[in-house]
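> Here is how the chains run, residue by residue.
Number of protein chains: 2
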Amino acid sequence: MRDAFTYPNAAEQFRRAANVIPSGVYGHLGPVEGCFIPVDAFPLFSSRAKGTYFWDIDGHRFIDYMCAFGPNILGYGDPDVEEAAAKQRERGDCTTAPSLTMIDFAELLVETVASADWAFFAKNGNDVTTLAVMAARAFTHRKKIVFFKGYYHGVGAWTQKIDYAGIMEEDVQNNICIDWNDVTAVERVFAENPGGIAAIIAQPYMHGNFMDNELPADGFWKKVRKLCTDNGALLIVDDVRAGFRLDLAGSDHYFGFEADLICFCKAIANGYNVSALCGKDFLKNTISSMSYTGSYWMSAVPFAAGIACIEKMKKLDCPKLLIDKGAKLARELTKAATDYGFNLRVSGVPSLFYLRLADDPSLMLHQEWIAECVRRGVFFTNHHNHFINAALTDADIAETVDIARDAFEIIRERHPGK
Amino acid sequence: MRDAFTYPNAAEQFRRAANVIPSGVYGHLGPVEGCFIPVDAFPLFSSRAKGTYFWDIDGHRFIDYMCAFGPNILGYGDPDVEEAAAKQRERGDCTTAPSLTMIDFAELLVETVASADWAFFAKNGNDVTTLAVMAARAFTHRKKIVFFKGYYHGVGAWTQKIDYAGIMEEDVQNNICIDWNDVTAVERVFAENPGGIAAIIAQPYMHGNFMDNELPADGFWKKVRKLCTDNGALLIVDDVRAGFRLDLAGSDHYFGFEADLICFCKAIANGYNVSALCGKDFLKNTISSMSYTGSYWMSAVPFAAGIACIEKMKKLDCPKLLIDKGAKLARELTKAATDYGFNLRVSGVPSLFYLRLADDPSLMLHQEWIAECVRRGVFFTNHHNHFINAALTDADIAETVDIARDAFEIIRERHPGK
Numbered sequence: 000m001r002d003a004f005t006y007p008n009a010a011e012q013f014r015r016a017a018n019v020i021p022s023g024v025y026g027h028l029g030p031v032e033g034c035f036i037p038v039d040a041f042p043l044f045s046s047r048a049k050g051t052y053f054w055d056i057d058g059h060r061f062i063d064y065m066c067a068f069g070p071n072i073l074g075y076g077d078p079d080v081e082e083a084a085a086k087q088r089e090r091g092d093c094t095t096a097p098s099l100t101m102i103d104f105a106e107l108l109v110e111t112v113a114s115a116d117w118a119f120f121a122k123n124g125n126d127v128t129t130l131a132v133m134a135a136r137a138f139t140h141r142k143k144i145v146f147f148k149g150y151y152h153g154v155g156a157w158t159q160k161i162d163y164a165g166i167m168e169e170d171v172q173n174n175i176c177i178d179w180n181d182v183t184a185v186e187r188v189f190a191e192n193p194g195g196i197a198a199i200i201a202q203p204y205m206h207g208n209f210m211d212n213e214l215p216a217d218g219f220w221k222k223v224r225k226l227c228t229d230n231g232a233l234l235i236v237d238d239v240r241a242g243f244r245l246d247l248a249g250s251d252h253y254f255g256f257e258a259d260l261i262c263f264c265k266a267i268a269n270g271y272n273v274s275a276l277c278g279k280d281f282l283k284n285t286i287s288s289m290s291y292t293g294s295y296w297m298s299a300v301p302f303a304a305g306i307a308c309i310e311k312m313k314k315l316d317c318p319k320l321l322i323d324k325g326a327k328l329a330r331e332l333t334k335a336a337t338d339y340g341f342n343l344r345v346s347g348v349p350s351l352f353y354l355r356l357a358d359d360p361s362l363m364l365h366q367e368w369i370a371e372c373v374r375r376g377v378f379f380t381n382h383h384n385h386f387i388n389a390a391l392t393d394a395d396i397a398e399t400v401d402i403a404r405d406a407f408e409i410i411r412e413r414h415p416g417k
Numbered sequence: 000m001r002d003a004f005t006y007p008n009a010a011e012q013f014r015r016a017a018n019v020i021p022s023g024v025y026g027h028l029g030p031v032e033g034c035f036i037p038v039d040a041f042p043l044f045s046s047r048a049k050g051t052y053f054w055d056i057d058g059h060r061f062i063d064y065m066c067a068f069g070p071n072i073l074g075y076g077d078p079d080v081e082e083a084a085a086k087q088r089e090r091g092d093c094t095t096a097p098s099l100t101m102i103d104f105a106e107l108l109v110e111t112v113a114s115a116d117w118a119f120f121a122k123n124g125n126d127v128t129t130l131a132v133m134a135a136r137a138f139t140h141r142k143k144i145v146f147f148k149g150y151y152h153g154v155g156a157w158t159q160k161i162d163y164a165g166i167m168e169e170d171v172q173n174n175i176c177i178d179w180n181d182v183t184a185v186e187r188v189f190a191e192n193p194g195g196i197a198a199i200i201a202q203p204y205m206h207g208n209f210m211d212n213e214l215p216a217d218g219f220w221k222k223v224r225k226l227c228t229d230n231g232a233l234l235i236v237d238d239v240r241a242g243f244r245l246d247l248a249g250s251d252h253y254f255g256f257e258a259d260l261i262c263f264c265k266a267i268a269n270g271y272n273v274s275a276l277c278g279k280d281f282l283k284n285t286i287s288s289m290s291y292t293g294s295y296w297m298s299a300v301p302f303a304a305g306i307a308c309i310e311k312m313k314k315l316d317c318p319k320l321l322i323d324k325g326a327k328l329a330r331e332l333t334k335a336a337t338d339y340g341f342n343l344r345v346s347g348v349p350s351l352f353y354l355r356l357a358d359d360p361s362l363m364l365h366q367e368w369i370a371e372c373v374r375r376g377v378f379f380t381n382h383h384n385h386f387i388n389a390a391l392t393d394a395d396i397a398e399t400v401d402i403a404r405d406a407f408e409i410i411r412e413r414h415p416g417k
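Sequence lines, in order, name chains A and B.
Oh and the first sequence: position 327 is 326 in numbering that gives the first Met the number 0, straight run, nothing missing.
Oh and the second sequence: position 20 is 19 in numbering that gives the first Met the number 0, straight run, nothing missing.
Treat the hints as calculated values from the structure; they're not laboratory data.
Treat each hint with caution, since some may be false.
Below, simulated DSS-like cross-link-like pairs (lysine-lysine); rule was C-alpha separation at most 30 Å, straight line [said to hold, decoys possible]: (1) B:LYS279 - A:LYS160; (2) B:LYS142 - A:LYS160; (3) B:LYS313 - B:LYS86; (4) A:LYS142 - A:LYS311; (5) B:LYS142 - B:LYS160; (6) B:LYS160 - A:LYS283; (7) A:LYS142 - B:LYS160; (8) A:LYS86 - B:LYS49; (9) A:LYS283 - A:LYS225; (10) A:LYS160 - A:LYS225; (11) A:LYS49 - B:LYS86; (12) A:LYS283 - A:LYS49; (13) A:LYS311 - B:LYS86; (14) A:LYS86 - B:LYS86; (15) B:LYS142 - B:LYS222.
Model, not experiment: these values are computed from the prediction.
Throw the hints in and build the complete structure from the sequences for me.
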């Protein structure tokens, strides 16, 4: 049985952070949205990262299953990506005129992504989901957008909830929210809003937080695709989180349909800062007609990194590799749970698996188990899907399962009756 | 008289770009929003950049007065910034937990910027102007936002115009737009909307496009600041473009007032991809209460670059240096114009000067002069302010003025009567 980590430096530095940064560490990397429960089980800061590991500021190494919440797909500091980035950096990055690397990257995406006739680059997932929705409104001259419950499409006011701080009714009054996998509801909203729906926006499967992740039901996407086409609405796929972990040709391709617009970010350049909206030819002029740009959007280094990342992912057949690794880990974790009398549910596609200990509806047992894993060097988090990267080895998986067993043993002793 | 450049490679590559990218090159780096008139005078692509120069793909060197539209403040590839970025890159960039470098950068901003009690980091100027407006609504529980005509605060739907593609009435119906420097109008909108105005958002002076830039009138900011305070509305300064080129303590400090929220981007890290919202202590909990994050927002390399950039700007007394260089250039360009019988208006703060040949209200003569400068290696653009960087030397200024004289001579010969 390994000893539990403690984090005295993290506690001290968090106080320093909280003095000059709202929430200390905000957003998904922070204690609140990152679901670090209890906070004292989590390292909070990193001192360095390499391959599938990061090291915290208290001297502990973690096998990292969050992968910077997605961007790390080849391993931190991947040598091929770093070499390509360094070469471009010598020439120039953020300059007055863009580099030809931008064109090379757009051509590679068009060649790689099935539903891409063009690519438009920005910086955040939110930049491109927002552009997609604005483009749908510009193209259709309609206002309403259909979402699926459990969605996350970024932090733009249009995709937040009315009870969130700073959000007005005007921001969200054209949003319609229906249940995932409910074709009847899709039919109903089209019937109830004739000529009113600009687009459906959806993740390729339901990989929401605080819920078992749910794949599309048989025939779901085919029917949704047809309903959009028949009703003159666009189908927007938000592949920010799942992109390149299911299929390099796009997660719509993985599920056998074609989006009109598809949004990429996270895994597109192994952590270099770029996002992309790709789409069908008939929407290219609409995008051209819009006012949409940003200070660093044509910086060349992330494009060079993105090219190297996608080429290496192709060479590795990366999605299959990650799905196989994730499936192996899921099998062994599930078996470990069973050995200690627990029921571990693993849902979603294995390259971005979601975990839930199903023995306790309050989720507290789950949080205790996650905490004991983290305290021994396996960086999981609560109530959010995890991510596999290509640098994860069988030895890392074996070590993960050993630590997970330690954690199961601890919570079994603590809760003999569950 | 220098020969005019031609750009056969750029023309060919632009066709390639237009095949896979909407508009070929979009936004402010592209022919349309970049105001490249006539397009064939401009190089369109860069092959490398160093110091105050970039080189295009047809083998020409340009003295660059757009500075990547702002980010280049110390010179492309500044050795101190690059060294700091490289050191951090060895340790880690976009990782699952943030680095302590984030805290160091926040502390440095709080120490440097007069109105900053805290800092919140994102990626684009638009991310932080949007957060500022949402925070004002969250804090005041009011909806209306006051803008000054000629504003640009990014590409969020809330700050676009109703006739722009994809924009709905709901997006902009709470916007009130008044004239710059019109205190009476500020008083009037507060009187007409009692308890309704969440914030005034403004650039520190009017550096809009297609107009001579206009400094604040005597007492303007003092009165606006008082009206905001008296009416319980926030004062948001959008320092994305002017930030660190007027005063390292913030452009509000330069003009003798304090913002409640101030937005930085562009020059904050010499081209590394980061933006910041800074603000007053009473708003820190409001920011904490909001849902706002993005994939790469806590990447460490841009923070390290930002620290090195701000420290070097302090050492150089950068705003004064840039203002002096800009003033010298403005004086010599104005004299050159006079020598050829033209009236060149230079407006705005000299570190981000705006140019207009005032002899022709159609602006076509201005565009011809700019084009002849660009074709000889001085990268100006039409109808947008320019930017000075610290690597610009007296020799560069002398070369710029020589080329500007060539360009004046050409248009004088072409239009003897103007």
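> Next step is simple, just say for each hint if it's right about the structure.
Hint by hint, here is what the structure shows:
no., hint, verdict
1, B:LYS279 - A:LYS160, "holds (26 Å)"
2, B:LYS142 - A:LYS160, "holds (16 Å)"
3, B:LYS313 - B:LYS86, "holds (21 Å)"
4, A:LYS142 - A:LYS311, "violated (40 Å)"
5, B:LYS142 - B:LYS160, "holds (17 Å)"
6, B:LYS160 - A:LYS283, "holds (21 Å)"
7, A:LYS142 - B:LYS160, "holds (16 Å)"
8, A:LYS86 - B:LYS49, "holds (14 Å)"
9, A:LYS283 - A:LYS225, "holds (21 Å)"
10, A:LYS160 - A:LYS225, "holds (29 Å)"
11, A:LYS49 - B:LYS86, "holds (14 Å)"
12, A:LYS283 - A:LYS49, "violated (39 Å)"
13, A:LYS311 - B:LYS86, "holds (25 Å)"
14, A:LYS86 - B:LYS86, "holds (17 Å)"
15, B:LYS142 - B:LYS222, "holds (22 Å)"
The structure fails hints 4 and 12 (numbered hints given earlier, in ascending order).
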